[in-house]
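2 protein chains.
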Amino acid sequence: MNSGTLYLIPVPLAADQINTIPEAVRKQACSLKYYFVENIRTARRFLKAFDTSVDIDSITFSEVNKQNQADVKLLKEWLKAGNEVGVMSEAGCPGIADPGSDLVTAAQAIGSKVVPFVGPSSIFLSLMGSGFNGQSFRFVGYLPVKDPQRTKAIKDLERIAHQQNETQIFIETPYRNNALIEDLVKHLQPHKTKLCIAVDVTAPDQILVTKTLAEWAAAKPDIHKRPAIFLIHPA
Amino acid sequence: MNSGTLYLIPVPLAADQINTIPEAVRKQACSLKYYFVENIRTARRFLKAFDTSVDIDSITFSEVNKQNQADVKLLKEWLKAGNEVGVMSEAGCPGIADPGSDLVTAAQAIGSKVVPFVGPSSIFLSLMGSGFNGQSFRFVGYLPVKDPQRTKAIKDLERIAHQQNETQIFIETPYRNNALIEDLVKHLQPHKTKLCIAVDVTAPDQILVTKTLAEWAAAKPDIHKRPAIFLIHPA
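Going down the list, the protein sequences come from chains A and B. Position 75, counted from 1, in the first sequence is what the numbering used here calls 299; the numbers after and before it change by one each time, with no gaps. Position 128, counted from 1, in the second sequence is what the numbering used here calls 352; the numbers after and before it change by one each time, with no gaps.
Looking at chain A on its own, in the form it has when it is part of the complex (with noise of 0.2 Å):
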């Protein structure tokens, strides 16, 4: 019998932005003693964020990352064991994109509760804003990083974006921004595409301007190194 439940805390997607977190998520965020996070010093700094008083050594963590995989074992003795445990990842929502996926799934498949939280996911307010068909839509992730595939890739994209009328979303390694806008701007349509380019999302200094990319053309944004998002649509 599982009585245990698996809750997904989500985290802000930029420094001091705890607002973008639901008051109640916090104090259940604070609450849970047991935690599988993407790392342990970014989780810590944000359990504190929510609550100074929070007693962070009563929490017990796991990594969950590039180095070290989940440790499915752990999680399905803590769920069986009847116990609230957490998920957070390093940004945004965990779940999405991240390595929490195969701890939700491992919880699914014993049949333990999965609940998830309310918190910002840059994907979807992007999409939010872009003024793009939200009736359908389609995440991809990164694009392949070399030709012909990457050329490719993105041409398909619009394609599919035209005879669907469903918005296409990707991202890039911040760092390879700039040189995603100049094959964008070479490849995709200057007039019957529009592109929505969403940067440091529900930050201070966040962008979220959707154009044509004839217009784009014509004032390419230097975006270096900030998260971003992009979304295409026909015009």
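Treat the hints with care, since some could be wrong.
Note that the list lumps identical chains together, so a pair holds whenever it fits in one copy or between two copies.
[As the list claims (entries may be wrong)] Restricting the straight-line Cα-Cα distance to at most 30 Å, the calculated cross-link-like pairs of lysine-lysine (DSSO-like) are: (1) Lys257 <-> Lys444; (2) Lys376 <-> Lys272; (3) Lys304 <-> Lys444; (4) Lys251 <-> Lys272; (5) Lys435 <-> Lys337; (6) Lys300 <-> Lys379; (7) Lys416 <-> Lys337; (8) Lys257 <-> Lys304; (9) Lys300 <-> Lys444; (10) Lys435 <-> Lys304; (11) Lys379 <-> Lys444; (12) Lys449 <-> Lys370; (13) Lys257 <-> Lys410.
These aren't lab readings, by the way, just hints derived from the structure by calculation.
We have chain A; now place chain B onto it with these hints.
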């Protein structure tokens, strides 16, 4: 010069779940004097729930729904005059599968600032909680109502999910939920595909469960008339 700002204000998905809206968002929502809303009565109720002291009578509302197209001319007037304008839908986040996106499109087109706020999205929360691959996902809205298009759509979604390793997300009119589950059990592969059913997301009676189609076939849930999200992915 467009000095106005369009704020995208989320509201709860389920009655009384005000705690799912960050405090800072509730404050901002109650400070705005110009609003586009799906339903004026619902909007007033939410604003009063956000802050009982809100001065409702000083707010100008414009309705946007199936009966009333978005008054884009009015939006442009308000924004060009430098006002802070809010958009609110009946539930969840505006700009995702609702009439609000036309307003966002218009605001972007005239170069106004658009600021989406953090709030509950059943699509997003169910994706987090499904345990499916969050690296790549697609939301397609409603499936065709009749056969043969309906069965074809269901099989196409499964094929795409497997070929692309991509979560496919869709919705149904709530009074047809149980019939949809029957169709999914009938047409999807019993052991090679998993289905997540998310019902009344954020409510106390929330269901968010992932199982193989074979497991669902053995114990079909009765979710008649309850708001739900459906997600499929390779097992």
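Here's how the hints hold up against the structure:
no.: 1; hint: Lys257 <-> Lys444; verdict: neither (48 Å within a copy, 35 Å between copies)
no.: 2; hint: Lys376 <-> Lys272; verdict: neither (46 Å within a copy, 51 Å between copies)
no.: 3; hint: Lys304 <-> Lys444; verdict: between (53 Å within a copy, 25 Å between copies)
no.: 4; hint: Lys251 <-> Lys272; verdict: both (11 Å within a copy, 24 Å between copies)
no.: 5; hint: Lys435 <-> Lys337; verdict: between (43 Å within a copy, 13 Å between copies)
no.: 6; hint: Lys300 <-> Lys379; verdict: neither (44 Å within a copy, 33 Å between copies)
no.: 7; hint: Lys416 <-> Lys337; verdict: between (46 Å within a copy, 23 Å between copies)
no.: 8; hint: Lys257 <-> Lys304; verdict: within (15 Å within a copy, 51 Å between copies)
no.: 9; hint: Lys300 <-> Lys444; verdict: between (49 Å within a copy, 25 Å between copies)
no.: 10; hint: Lys435 <-> Lys304; verdict: between (51 Å within a copy, 18 Å between copies)
no.: 11; hint: Lys379 <-> Lys444; verdict: within (20 Å within a copy, 42 Å between copies)
no.: 12; hint: Lys449 <-> Lys370; verdict: within (19 Å within a copy, 49 Å between copies)
no.: 13; hint: Lys257 <-> Lys410; verdict: neither (51 Å within a copy, 43 Å between copies)
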